[in-house]
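Novice: The chain contents come next:
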Amino acid sequence: MSNTTLRVVLGLTVAALILATAPLWAGRADLRLIGEMMSYLALAVLWNLLAGYAGLMSVGQHAFVGLGGYVLVIGTVSMGLPPLATLPIAFVVAGLAAAAFALLLFRLVGAYFAIGTWVAAESVALVFAGVPAWGGGAGISLPADVVRSIAETREMREFVVYWLLCGLGIGTLSAAYTLIRSKPGLALMALRDNPTAAVSVGVNISRIRFWTYVMVAALTSVVGAIIFLQKLRVSPQAAFSLQDWTVAVIFIVVIGGIGRLEGAIVGTAVYFLLRETLSGYGVFYLIVLGVVAILVVSFSGRGIWGLVERHLGWSLLPTGRRMSA
Amino acid sequence: MIETSPATALHAIGLNKSYGALAATRDVSLSVPAGSALGIIGPNGAGKTTLFNLITGAVRADSGEITLFGEDIARFDARRRCLAGIARSFQVPQPFTGLTTYENALIAAAFGRALSEKAARPHAREALERVGLARKADMPAGNLTLLDRKRLELARALATGPRLLLLDEIAGGMTEAECSELVELVREIRDAGVTIVWIEHVLHALLKVVDRILVLDFGKVIAEGPPETILRDPHVTSIYLGPEEIQA
Ligand SMILES: Nc1ncnc2c1ncn2[C@@H]1O[C@H](COP(=O)(O)OP(=O)(O)OP(=O)(O)O)[C@@H](O)[C@H]1O
Ligand SMILES: [Mg+2]
Numbered sequence: 568m569s570n571t572t573l574r575v576v577l578g579l580t581v582a583a584l585i586l587a588t589a590p591l592w593a594g595r596a597d598l599r600l601i602g603e604m605m606s607y608l609a610l611a612v613l614w615n616l617l618a619g620y621a622g623l624m625s626v627g628q629h630a631f632v633g634l635g636g637y638v639l640v641i642g643t644v645s646m647g648l649p650p651l652a653t654l655p656i657a658f659v660v661a662g663l664a665a666a667a668f669a670l671l672l673f674r675l676v677g678a679y680f681a682i683g684t685w686v687a688a689e690s691v692a693l694v695f696a697g698v699p700a701w702g703g704g705a706g707i708s709l710p711a712d713v714v715r716s717i718a719e720t721r722e723m724r725e726f727v728v729y730w731l732l733c734g735l736g737i738g739t740l741s742a743a744y745t746l747i748r749s750k751p752g753l754a755l756m757a758l759r760d761n762p763t764a765a766v767s768v769g770v771n772i773s774r775i776r777f778w779t780y781v782m783v784a785a786l787t788s789v790v791g792a793i794i795f796l797q798k799l800r801v802s803p804q805a806a807f808s809l810q811d812w813t814v815a816v817i818f819i820v821v822i823g824g825i826g827r828l829e830g831a832i833v834g835t836a837v838y839f840l841l842r843e844t845l846s847g848y849g850v851f852y853l854i855v856l857g858v859v860a861i862l863v864v865s866f867s868g869r870g871i872w873g874l875v876e877r878h879l880g881w882s883l884l885p886t887g888r889r890m891s892a
Numbered sequence: 059m060i061e062t063s064p065a066t067a068l069h070a071i072g073l074n075k076s077y078g079a080l081a082a083t084r085d086v087s088l089s090v091p092a093g094s095a096l097g098i099i100g101p102n103g104a105g106k107t108t109l110f111n112l113i114t115g116a117v118r119a120d121s122g123e124i125t126l127f128g129e130d131i132a133r134f135d136a137r138r139r140c141l142a143g144i145a146r147s148f149q150v151p152q153p154f155t156g157l158t159t160y161e162n163a164l165i166a167a168a169f170g171r172a173l174s175e176k177a178a179r180p181h182a183r184e185a186l187e188r189v190g191l192a193r194k195a196d197m198p199a200g201n202l203t204l205l206d207r208k209r210l211e212l213a214r215a216l217a218t219g220p221r222l223l224l225l226d227e228i229a230g231g232m233t234e235a236e237c238s239e240l241v242e243l244v245r246e247i248r249d250a251g252v253t254i255v256w257i258e259h260v261l262h263a264l265l266k267v268v269d270r271i272l273v274l275d276f277g278k279v280i281a282e283g284p285p286e287t288i289l290r291d292p293h294v295t296s297i298y299l300g301p302e303e304i305q306a
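Residue numbers (the working numbering), protein chains in the order written: chain A, 568 to 892; chain B, 59 to 306.
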């Protein structure tokens, strides 16, 4: 293992340990907040791979968050599965759905692709709102016996969900890092920087785009399932929320640094900092978010992390290949 | 008849490409024997770069046939043509700006040769050494000067291990010394068995390397032959060459 790899593995392990022991030292509200941050970290890492690297500007990722939520509820309520068993099902269902969407959406480019992903997401939401057995427009709660099957006490249940979210956040970040350091990662970075040149040196950009789209959708859906395992109830509005699962995530990635792994970390931190300090101010909070986004983007196309990288030369998750090495 | 013998590196018949009402190439045919070097000249907007785009598959031809070492590649997309052995340098350099010089070459070597990243490393290094960029290997490609970006174009093309190398105006802006070095390098590449097609306005550099010259004007081939004949052709000189350029 090289020195950089060792440092990153050590860093991620320490972060994971601190997070895992949080139930010992943090209060209930704090745990909820950290858990939520972890879910957003995972969503941001995934959307960054999709839009920042593969160049697929999807504004319809809430389709997959919601799909995950519904697979959880349908799997446990209608099929009697234990909650955790629904996670791999969410993965597969969303992956297949994404593959089907790709057949249509990948014919569209640029703004048309973006609009297509949004339309697709709204259609999925309509489908779930239309089935009375799944709660229709009103939604459906996890029954008490399903909730108890997660863990006996409420406290333990919250710990379990918290740990799942942390595993997801750190796991997704580690997986993305490993991916970028592998050969497909070279293709993703080539695609990010210059698709024309990438094709001309033999990179199969259709294949890498397809698999990025499918895998990101599958994992986004797993994040969704765990998010709703915490909320214990889904409704079409909450599960397929454009605002919560797409707009907020885009904000995070864009201000943090699109096309940089660190961007998702920095963006999540900034987003929650703003949200927690300004939550009492209503509309004012949204105005501040907008102003921050505009300021950051006009100073740096690669967000806050782009500035840090350029001026300080820092790298939290170095992916560079050196000739000397 | 389209060439099916591997002794012809590149054979194209009747390549057409229009942008709206503008015919960028009209009925362009050319044949390049394996191991030889063909120069392409013509005024600005003559369709030279478009021709490269059609050969590499970056742009789909409206019509025409094309073979590479006897293999029909008309239906290949740009990636498969790269794997089949065509590499190009872009007239306007297209580096992966967020990556280092070395990573640029590494991507070309890994994907262009279908190798693992590890197996691609020596090819990337060798390509950079050949064009004189090894010292700047770990620099961000986005920080390279225009001249170095052109070198990187060449290095990246070489890293894919091409059988046919298409060079689009790589000598422009070079000093006399740099230009001689470049000529030396292109000759070496050709002597190693790589077939060359070179678009170049810097005629004296071109003449030191190529066996034949093809002249494009308004998308049409107006002359093709050995340099001596082409440069004496009154049609060519009247359209394209000022008298001072021939002497240069
Ligand atoms: N994508 C495009 N869309 C529309 N027109 C184009 C496109 N690409 C090229 N053209 C036009 O086709 C013609 C040929 O362009 P091309 O770039 O092939 O010329 P060239 O011979 O390489 O010129 P130069 O010496 O300036 O590089 C030009 O008139 C150009 O404007
Ligand atoms: Mg040109």
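A portion of the hints provided could be inaccurate.
[Stated by the list, open to error] Straight-line alpha carbon distances no greater than 27 Å define the calculated BS3-like cross-link-like pairs of lysine-lysine that follow:
#, chain 1, residue 1, chain 2, residue 2
1, B, K194, A, K750
2, A, K750, B, K266
3, B, K176, B, K194
Hint data in this document are derived by calculation from the structure and do not stem from the laboratory.
Novice: Taking the hints in turn, state whether each one holds.
Specialist: Tested hints:
Restraint check: the Cα-Cα separation between K194 (chain B) and K750 (chain A) comes to about 22 Å, which is no more than 27 Å; the hinted pair holds. As the CA atoms of K750 (chain A) and K266 (chain B) are separated by approximately 40 Å, the hinted pair breaks the 27 Å bound. Straight-line distance between C-alpha atoms of K176 (chain B) and K194 (chain B) comes to about 20 Å, which keeps the hinted pair within the 27 Å bound.
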